[in-house]
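Chains as they are written, first to last, in this note's numbering: chain Y, 2 to 298; chain P, 234 to 629; chain E, 3 to 196; chain D, 6 to 392.
Quick caveat, the hints were computed from the structure, so don't treat them as lab data.
Treat the hints with care, as some may be off.
[Said to hold, decoys possible] With a cut-off of at most 27 Å between alpha-carbon atoms, the simulated BS3-like pairs for lysine-lysine come out as follows:
hint, chain 1, residue 1, chain 2, residue 2
1, D, 7, E, 29
2, Y, 188, P, 358
3, P, 241, D, 7
4, E, 82, E, 45
5, D, 21, D, 53
6, P, 581, P, 409
7, Y, 198, D, 53
8, P, 581, P, 358
9, P, 581, Y, 252
10, D, 21, E, 29
11, P, 241, D, 21
12, E, 169, D, 7
13, Y, 266, Y, 278
14, P, 490, Y, 193
15, Y, 252, Y, 198
16, P, 328, P, 241
17, Y, 198, Y, 290
18, Y, 290, Y, 266
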Amino acid sequence: MSEQIKGKRELFVPGHYGCPGCGATVAMKQTLSVLGEDTIVVMTAGCWSSLIGIYPYTCLTVPVVSVAFGATASVAAGIKAGLTCQGNHHTTVLAFAGDGGTFDIGFQPLSGVVERNDDILFICYDNEAYMNTGIQRSSATPAGGWTTTTPDSARKGQRKKNMVEIMAAHRIPYTATASIGAPEDLKAKLEKATHIKGSRFIHLYASCPTGWRHATELSIEVARQAVRSRVFPLYEVIDGDTWRLSPMPEKESVDAYLNHQGRFKKMSAEERDRLQKQVDDEWQCLLGKCQVPNRAG
Amino acid sequence: MQTRTVIKTLSELPTAPTTIGTMVWNQTGDWRYLTPLVADKLAPCAQHCPAGIPIPRHLGAVTRGDIEGGLALLLAYNPLPGLTGRLCYHPCQTKCVRRRIDRTISIQEMERFLGDLATDVTIEKSERTDQRVTIIGSGPLGLSCAFYLGCQGYRVAVLEPSDQAGGALVGLSPGKIEPTVLSHEINRLIRLADIRLETGANIGVAKPGEPPAQADLVILDPTGLSEEFCAPSGAVACDPFAAGSVIGSVVSVQLPKNLTPFKVPMIAHYIAAGRLLAKKASDGLRRKGLEQPAMDRSPLAVSTESIRIERFPAAEMRDKQKETWDREGAMQEAERCLSCGTCNLCLKCVSFCPDASIRPEGRNVTVEVDLDHCKGCGICAYECPRGVITMEDISV
Amino acid sequence: MVGIRFHGRGGQGAVVASKILAHAYFKQGLYVQAFPSFGMERKGAAVSAFVRLDSAPIAERGDIKNPAVVIVLDFTLLRKVDVTRCAKPDALILLNCRENENHNPVKDSFRVAGVDAVKIALQHGLGSKSAPIINTVILGAYARISGDLELANLLEAIATGVPVNQKQNMAAAEVAYHAVFSISGELNADKNRH
Amino acid sequence: MKAVMMGTEAATMAVKLARVQVVSAYPITPQTVIVESLADIIGRGELKAKYLPVESEHTAMSSCMGASMAGARTFTATSSQGLAYMHEMLHFTAGERVPVVMVNCNRAMAPPWNLYCDHTDSLSQRDTGWIQYYCVDAQDVLDSILIAYAVAEQALLPVMINLDAFYLTHTSEPLDVPDQETVDLFLPPYRALNKLDVDDPKTFSIVCGADLFSSIKYKRQGDTLAVARLWDQVAERYNRHFNRLHPTVEAYRTEDADLCIIGIGTATGTMRLAVDRLREEGLKIGSLRLAMIRPFPREVLQRAIAKVKHVIVIDRDVSFGAEGIVAQEVKAGFFDRRGELRITGFVAGVGGNDMTVDTIIPMVRQAISGDGTAVEAGMSLWAEVLP
C-alpha cells in the first residue's frame, strides 16, 4: 500500500508527536492513503487529537476537526448532513476515535448515529486503553491486561467489549475488524466501505508500544500476532446479518502474542489457558456465524 | 523543509482556531537512538553468480514493468545476456531462497528473455576520451572487456582475424545456440558501447617487440585467439581476477587453470573476467594523468536470517512454464523474486512507518529515510522482509 | 380584558378549543391570547385552558384569575373541580350536558347554559363513543350565547384550527349553535340571531 | 400576514423563513412542539432541510456544530436539562466560531422535577460564549431568530434565543409573519468563510499551548463584546425591512424615573403594567427589559437609566450561594455608580409561579420601604416561599 499518490498532496506529513512505533498513527496513515484527499476527519480527545500537532500546525492535510470527547460520531453525522444539504454527496466523512471515544464515552452518540444510518465512516483505532492520559483501563482493555487503573494488584478481570457485534446488532450496512498488521485487508475493507452508503464501522486494531509494553519495532508484529492467534480475528458483517471471514493466516497459540507484551507479564499459566480457551471458543463461534466448516482447530 | 510560519499579531490569528501550516518544521529526528540504514546486500543468487550480477535488481525492474530498465541493469554486469541465458550453468538458481517456499526463480530464462529483446536500451556511459584501446580477438572475454571500456569513454577497437566475430563461440552447434543469437548479441554490444569491430583483420606481428596495433593499450583476448597465436614479446601477463591494475601497453590475459581451455558453460566467468579486466585497464590508463577512481566496495552478503520467508505467501502455481515469455509472463515470474537483500520498493517500510519518514528516493530504485523526522522506532527494519534496512548506532 | 376558562379532560380538545376561540376573536379584530394550563398532558386528567381578549395588546401572562366565561367540556368534572372558582359574579358558564339530566350544579347567581355536545359530536362522527371530541361542538354553542362572537368567524377558525374532519366539525358547531339551552339566568342567545 | 401563533410555532416559522438547512432535534418539554412541527414541515417539503432525529442533546449540539462547520445553516431547540446536557458542546460551538442558532425554552432545573418557567438553565450557560437573547412575546421570537442568524453569521458566534416555558412557548397570540421574499433580502444564504473544506484543508481546534491560547480567547472576547452593538445594527436593518425594532435593551417610561424595575423574558411585559399602575399613584417609576444578557449590553443599559436612583431587579433564577443572576449582572454593570445607586434584588416567579401585577407591586413597595437587611448583605429577597 503506497502513500505515494501521484500529483496529489501528501495527506500525512511528518513532525507529529506520536510515540516512536505508534500504531495509531500507522492506522491513520494507512486509512488516509486509501480514502484520499476528499475526506474530512473528525477526531476526539485521545492520542490522535494530541499527537496531530500543536496549534497552529497540523500533520494532516485533509480538513480535520478535533471535538469533545465522545462527540465524534455526532459531529461527523452533522458534517455529512451539512455537506449533503449543499449538494456534496462525494466527500467521505471519517470519524476517527480511540477505544475510549468509541467503546465508552462515545458509545451513545455512535449508537444513535448508526441506528439512524447516517452516512459516515467510523473507525475506532483500538489500542485497548486510555493511552493519551497514560494507560488507563477502558472497556476495550482485555482481561488479564495491566493498565495504571488495573495495576498488577488488580488486573482487569472483565473481557473486552465486542463492538463489532454491537454494531452488527444495529444492522448497519457494513462493519468489519481490521488490523494495521494486515494493510491489504484494511485497504480492501476501506474500499468496500467507501462504496457503501450509510453507517460503516471499522474496528481497527492499533498496537501501542508505550501502553502494551513491547519493543517499538514490534508494533506491526504484535498486531499480526493478534490476528494469527485469533485474539483479534479479521472479519466483516454486511447488513448486520451476513458474516464473512477475511483471509486469515494459520492459527497459532496465544503465547507469542502474550510473550511480546509486558502488560501480560503477570498472567499465570491458568490465566493463559483460560484466555486460550476463550479465544478458541470465540473463534469457533465466529466460524459458525461465518458458516465456515470447522477448520484450523 | 517547510519553514514555520509564526503568528505574531492578533490580526494574523485566524477567527476560528484553525491551523496555518504543517508540523514539518518539527524535527522529531532528535528523538532517535538507532538509525535505520538502507543498503542493498548481495543476494544468495548473486553471491553465486559467476558474473557477479545483482540479480534481484533487474528482476525488480521487470516486476515493476520496466523491462528495458531491467535489461539495462543486467547489461551493467553482463553485456551478453542472450548467450549466458542459454549457455551458463546457472548456479544462481540452485541458491535461490524462493525454492524454500515453492520453486526457484527462472533466473536464466529471464536473462535470455531480456537478452532477446529487440528494443534498444539506454545505458550509463562516461564522457569520451582520446585514449585508444585495441582488443585483439572477439571472444566473450574480449567483447565484455571492450564493452565496459567503451562505456567508460575509451575509443575501443576489436580486431578479429577471422571472418566472424565471437571467438570460441563461433561454430557451436545450433542445438546449443541459435545461429542468429550470437550476431544479435554482438551487434547490440558494439552499438551500445560505440566499439569499432574489424573482422578479417591482419594482426600478424612483424617483429618481436613491435606492438601489434597503434593504441594506448593493446589487450590480447584468450577466448578470441587460437592457441597458436603467440603473444608478442613485451606483452605483460595479467590475471583479471588478481589484485592490482594493468601495467604496460600490451596485455596478455592469463586465466586461472579452471578456465583454460575455454569451456562453454563457464561463459559467465569469461564475461566477468572481461569486466574486471576493463576495470583494471581503466585504472591503469587513468593513472596517466586522470584522478584516481573511487574504490569499488563490493557489497556485503545478506544473511539468510534476515530473509523472512514466513512473510512471503506461496504464489499460486501456474500450470506450466510458458515456452516463450511475453512481457507479462516475465513480470509474473519476476514478481516471485524475494529480492533478497535488495530493495524492490515493496514499500512495506513506507506503509508501516508511523512517522511518514521513509519514502522512495528520487530515482525510484530504493527508499530513503528522512532523518530529520525519523524517531528510530525500528519498524522499517523489522518489517523489511529482505534485510535491506538495519538499525545502526551511528553515534559510535 | 376578558378572560375565558375551559375545563376538560386530556384528549377532549380543551387546548385546541382555546386556540380556535382566540383565533375567531382575532378575526374580529381583538387582541387575543390562548394558553393551556401548563404541564404534562395525560389523557383523561383534568386540564384547563384559557383565552384572554382585549382591545389593546395584552402584556399579562399566566393564569386568568377572574374569568368572565367558563366552558366545561366534561360534566363529570363538576364533582371534582370548582369550575366557578374566582369567576366573575356574572360569569357565563357553559356546560356540556344532556338537557334532562342536568340538575344545575352551578350556583344560580351565574348565567348557566348547556349543550348536549356528546350527542352532536357522535352524530357528526367526531371521536368515538368512549371518547367523543366535543371541543368544536361546544364552541358552536358558545358562539350563540357569547353575545359578541360571529358564527362565521368561529367556523372559519375551526376550519383552520382542527387538523382533520374540518367539515364535520363545522357542521357540528353549527348544530350546537342552535341546540344550546338555558339552565339559569339570562343568556345573550337571542341577540346573536341574525 | 397576521396570524395567531404560540411562541414555539413562531420559532418554527422563523426557522422556515430563515431557510435553515440542517435541523437537529431531540424532544424535551416544553420545546418538543418545535421539533415536532419542524419534522412535519420538512417532511412535507415546505422546508428543504436535513432533519436529524438525534438521541440526545449532546448529539443535537454536536451535529449542529458539524453541519455548521460544513457550511450549512443549522438550528436546534432544547430546554433546561437538555441545555445542561449540551453544556460541553456549547463551549465547543462558540469556540469553533460556528453560527448555530438555538432556541432554549427556559424551564426550571431539577431536582425536584418541574416543567415551568425559570431562567437558571440558560443563565448558568452564560459563560459558554453564546450570545443570549430573551424574548418577550411571540413576535419577538420570530423576529429575533431571523436577526440572530444575521448576527451569528456575521460575528461567527452562536446565538441562543430564550423563550419562557409556557408563558411564551405555549401561549397563542397574534403576530405579523413576514413574507419570504423580504426575509430573503434581509437574510441571504449562509456563505461560510471558515469551514471544513477539502480544497482548503485546515485542522480545527488542535491542542494549543499557552503561547497563543490567551490570544485566541482574547480575540473571541473582543468579537463577542462587539455583538452588543452589532445586534442593534442588525436589528435596525431588520426594522427598516419589517418596521419592528428588537433592541438589546428596552426601556419603558424611564425618562423621568427615579425608580426602575429590571427583568428578562415575558415578565417584563407585566412589569410595564405594574409601572402604569404605580405611576397612577404618583410614583416616578419605569421598567427596563434586558433582551440580551451575553454580551452584556452595559453601555446601553447605563445610558438608558442614567438618572435612576433605585433599581429593582426581579430574577426568575438564582445562583446558589450568591443571588439572582441578572441582579449580579446589573450590579456589575453599575459598579462605577455604587454609592449613588440602590439595587434591590428579588427572586420570584420560579418554577411555575405566575409573575402578575399583583406580585410585582408588593415587591416594589417592599424595595422602597424595606428594612434593607437582605439588600445590604447583597442578597436577593425571595418571593413565594413558606414563612
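Results of checking the hints against the structure:
1. In summary, the hint linking residue 7 of chain D to residue 29 of chain E is supported, as the alpha carbons are separated by about 10 Å, within the 27 Å threshold.
2. About 43 Å separates the Cα atoms of residue 188 of chain Y and residue 358 of chain P, which puts this hinted pair outside 27 Å; it is violated.
3. Note on residue 241 of chain P and residue 7 of chain D: the hinted pairing is violated, with a Cα-Cα distance of about 54 Å set against a maximum of 27 Å.
4. Between residue 82 of chain E and residue 45 of chain E the CA atoms are separated by roughly 16 Å; this keeps the pair inside 27 Å, and the hint holds.
5. Restraint check: the Cα-Cα separation between residue 21 of chain D and residue 53 of chain D comes to about 9 Å, which is no more than 27 Å; the hinted pair holds.
6. Under the criterion of a C-alpha separation no larger than 27 Å, the hint pairing residue 581 of chain P with residue 409 of chain P is inconsistent with the structure, at around 42 Å.
7. With a C-alpha separation of about 21 Å, the suggested pair residue 198 of chain Y and residue 53 of chain D falls inside the 27 Å cut-off, and the hint holds.
8. A distance of roughly 33 Å separates the Cα atoms of residue 581 of chain P and residue 358 of chain P; the hinted pair therefore is violated under the 27 Å criterion.
9. Of the pairs offered as hints, the one joining residue 581 of chain P and residue 252 of chain Y holds, with about 23 Å between alpha carbons and a cut-off of 27 Å not exceeded.
10. A hinted pair counts as satisfied when its Cα atoms are at most 27 Å apart, and residue 21 of chain D with residue 29 of chain E qualifies at roughly 25 Å.
11. Distance check on the hinted pair: residue 241 of chain P and residue 21 of chain D sit about 43 Å apart at the alpha-carbon level, beyond 27 Å; violated.
12. With a CA separation close to 24 Å, the supplied pair residue 169 of chain E and residue 7 of chain D stays within the 27 Å bound.
13. Note on residue 266 of chain Y and residue 278 of chain Y: the hinted pairing holds, with a Cα-Cα distance of about 19 Å set against a maximum of 27 Å.
14. This hinted pair does not check out: residue 490 of chain P and residue 193 of chain Y have alpha carbons roughly 65 Å apart, beyond 27 Å.
15. With a C-alpha separation of about 34 Å, the suggested pair residue 252 of chain Y and residue 198 of chain Y falls outside the 27 Å cut-off, and the hint is violated.
16. Taken as a hint, the residue 328 of chain P and residue 241 of chain P pair is broken in the structure, with Cα atoms around 64 Å apart against an allowance of 27 Å.
17. Straight-line distance between C-alpha atoms of residue 198 of chain Y and residue 290 of chain Y comes to about 24 Å, which keeps the hinted pair within the 27 Å bound.
18. Distance hint between residue 290 of chain Y and residue 266 of chain Y is unfulfilled; the C-alpha atoms sit about 33 Å from each other, more than 27 Å.
Of the numbered hints listed earlier, those contradicted by the structure are 2, 3, 6, 8, 11, 14, 15, 16 and 18.
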